[in-house]
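Novice: Spelled out from the first residue to the last, the chains are:
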Amino acid sequence: MANPLNQPRRKCAQSTTFLAAVFLSLLSSAAFSQSRDTLPSPLLLKALSLEELMNIEVTSVSKKSEKLREAPSAVQVITQQDIRHSGARTLAEALRLAPNLQVAQVNSSQWAISARGFNNVLANKLLVMIDGRTVYTPLYAGVFWDVQNVLLEDVERIEVISGPGGSLWGANAVNGVINIITKRSSDTKGLYAQAATGSNGQALGSIRYGGQLAKGLSYRVFGSGYKLGNAIDTNGLEANDKWWMINGGFRLDWEGSKKDKLTLQQNIYYGKPNPDAADTSAIIARGDNILAKWNHIISEKADYQLQAYYDHTWRDFRNGFTEDLKTYDIEWQNRYQIDRRHELTYGLDFRLMDHTVTNLELFAFLPAHKRLYLYSLFLQDEIMLIKERLRFTAGLKMEHNSYTGFEYQPDVRLTWTPTETQTVWTAVSRAVRTPARIDRDFYLFLTPDLPFVSGSDNFRSENVMSYQLGWRLRPRKNLSISLSSFYNVYDNIRSVEPGPAPFNIPITFSNGVEGKAYGMELAATYQLASWWNLRGGYTFVKKELSVKPGSKDMNEASAESDDPKHQFLLQSSMNISKHFEAGAVLRYSSKLPDPYVASYAGLDVRIGWNIGKSLQLNIVGQHLLKNRHVEFIASPPKFRQIQRSIYGSIAFRL
Amino acid sequence: MKKLIKNIWICRYRIAIWLLFSQSSVLAQSTPELEYQLKAVFLFNFTQFTEWPADSFHSDSEPLVIGIVGENPFGAYLESIVSGEMKGGHPVVVKYYKDEEDAGTCHVLFFHIKDPQRRKEIIEGATDKNILTVSDDAAFLKEGGMVRFFTSSNKIKFQISLNACKKARLELSSKLLRVADIIEPPEIK
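These protein sequence lines are chains B and U, in that order.
Under this note's numbering, the first sequence has 295 at position 295, and the numbering climbs by one with no breaks.
Under this note's numbering, the second sequence has 3 at position 3, and the numbering climbs by one with no breaks.
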């Protein structure tokens, strides 16, 4: 440790040799197993607990991927298996497993996450939902990742759609949608407890118990928490941004009949993230939410869903500034098949966001209290042009918001399935990012009467016209490949405009940036053998933005974002025997242009050891290739480096 | 550190080779659908989570028999699952019966039989002989059966009738009962 310069290189060589060894020596055995079916081996099945056995979908492999294969969008799925084998500790870490996302850790608690570029800690073109609840702060139209915690063991899957989802999901889904779906409580019966500790003072713990209260009525209660260690600051010292977070809740599921399903779930959290590494006072972030959902199947041809939630989130920045947001949302969705050709889906949504801040003398959102109303209607018709071969989907979302009034987000898609094993799709969509409070209501004063920065009532919605072409194929039963390409034309992207001469203040926000972005995403999943799964992808994004005539954007059309052009991901998950599991995730990100961040490769390795059916020991190493590295610089010239992490965990299932 | 990695690695390599051999021998035979693979594993699990009365075994080393009557949906898969497995000193084995009259000596009995009269007779006979009866038939528990597999949300689940188990003097572990749906059909006269 005395010489930090020598350390990384030696470790790097060692780790890569290790990985190469794993891959090469298993290659020979894999060659044998290729020809056979990709079903779990008897040894593995026997090693599973009753609960785990009851969670295996009987027809999953073909049916689910069939649906995925036909989906006319660039959707990637992170499964529970993928998460478990990766050793991810938090939701944000699990999102690193999506080949079509840009995920960068800024410091111990802050993340920059986006799809198809425009990444920043304040990234605002991605819609994120946890079990149907939109996770979004109208403060900056983005996500506070430090409070989005779920018990990863109880996540069923994470769907990541890159590309606009505006017509179905609503505003903010300009560049992508993340859908985090947790298991039904009927699938989480029994006890699960996990405790972990490791380098850098980190500690994790979670506990869940589930069972059945009556016929068709199941429940789970859970709690989890973690403490994560320091990043390294610009001077090479521990940054003191270590932090902790706890959350807990319950979920009730009632399958009243074959036609009705009811869900009620609640989550409460409390955390003290400390992104500024303040010595005395970390941020206090707390919140709670409750969601109820009712699904009713009318017939094979029609069903509806009614969902309502309340979400309260509160954040004290400990400098006098606080944010309080209460969201009330109710939505209705109805699908029915009109005839053999048409399937109609429509939905209504109403949302109230009651947003209150406590302002500082010179830092303010005005008015301090604002009610934001949002109501929307969406309509989608899926038309089968040629039975099982050619589908045309047309959708439109009309949405009314408190800042800009009506917004329209249309979407048309064509899906051609020439053979059983492949689908070609194309889509043309428009999506918008409606103004957030930061665009309209934000003020920074030099003196109580002299604004330096001032929000602008003229700020309009940012928008994109997106043209996509994709190809999904499954050349073999155990191999699926997805290739999507996009050409996005952006307009009215946020610019920062200098004020009137002579002092050029107040600085305001405007829509002075336009341009295009294009790229492609290649992703594949390869089940080499029943016990060995490989998945990964390559993503290329190129942005060409420019300042519109009349604008004097002080950011020179950077759109405050910093994206890698090339990204690469490879995950290997192996169930080596009844007792041993081994997983590795290798990822690469090319350099970020401005602020400059060097390209980097990261390697995570997990070794799991099952003792009997109830006990599992894990050793996980994260960022093994380097002692420390920078992933994203949010406030240059200061930056933080993420440290290598090693932890051991013990998990108990009963 | 290096040494540790090396050791782990050698150990794993051995396992991988061994796994390959054990798997290929199973594959030489036809493998059933995943549904029946899972059910086979459940049947094996049932042997581990059930306590039989002492008099169902004549000696300490007598095998614990999983019997299949009628059509066998498992192929040879069930055998590969139980091979080498024990239950309290009793090796677990699989036997196939053409005729249910021969099935009196088994401990777990799986069957799928269409004729309700015949089904009823098997259930009654098995209950008297402390046999855990398992089936997929929809009416199985109503007819006095003990464990019934069903599929819900594309996953294999099972229902258990505790009364029926009690009649056969079988004790099921709470681990098994917790994940099962407990169904008590009205008594049949």
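Quick caveat, the hints were computed from the structure, so don't treat them as lab data.
Honestly, I wouldn't trust all of these hints.
Said to hold, decoys possible - Straight line, CA to CA, 25 Å or less: simulated SDA-like cross-link-like pairs of lysine to any residue:
| hint | chain 1 | residue 1 | chain 2 | residue 2 |
| --- | --- | --- | --- | --- |
| 1 | B | Lys215 | U | Pro63 |
| 2 | B | Lys183 | U | Glu71 |
| 3 | B | Lys548 | B | Tyr518 |
What the hints assert, rightly or not - Here are the in silico distance ranges between beta carbons for each label pair:
| hint | chain 1 | residue 1 | chain 2 | residue 2 | range |
| --- | --- | --- | --- | --- | --- |
| 4 | U | Lys120 | B | Tyr336 | 43 to 49 Å |
| 5 | U | Gly125 | B | Ser299 | 42 to 48 Å |
| 6 | B | Glu300 | U | Asn163 | 32 to 38 Å |
| 7 | B | Ile297 | U | Ala138 | 48 to 54 Å |
Ideal Cβ placement from N, Cα and C applies to all residues, glycine included.
Novice: None of the hints should be skipped; say for each whether it holds.
Specialist: Here's how the hints hold up against the structure:
1. At most 25 Å may separate the alpha-carbon atoms for a hinted pair to count; Lys215 of chain B and Pro63 of chain U exceed this at roughly 36 Å.
2. Between Lys183 of chain B and Glu71 of chain U the CA atoms are separated by roughly 35 Å; this puts the pair beyond 25 Å, and the hint is violated.
3. A distance of roughly 19 Å separates the Cα atoms of Lys548 of chain B and Tyr518 of chain B; the hinted pair therefore holds under the 25 Å criterion.
4. Look at Lys120 of chain U against Tyr336 of chain B: about 44 Å separates their beta carbons, and that is inside 43 to 49 Å.
5. Range check, Gly125 of chain U to Ser299 of chain B: about 43 Å between beta-carbon atoms, so the 42 to 48 Å window is met.
6. Take Glu300 of chain B and Asn163 of chain U: their Cβ atoms lie about 36 Å apart, and the range 32 to 38 Å holds.
7. Look at Ile297 of chain B against Ala138 of chain U: about 21 Å separates their beta carbons, and that is not inside 48 to 54 Å.
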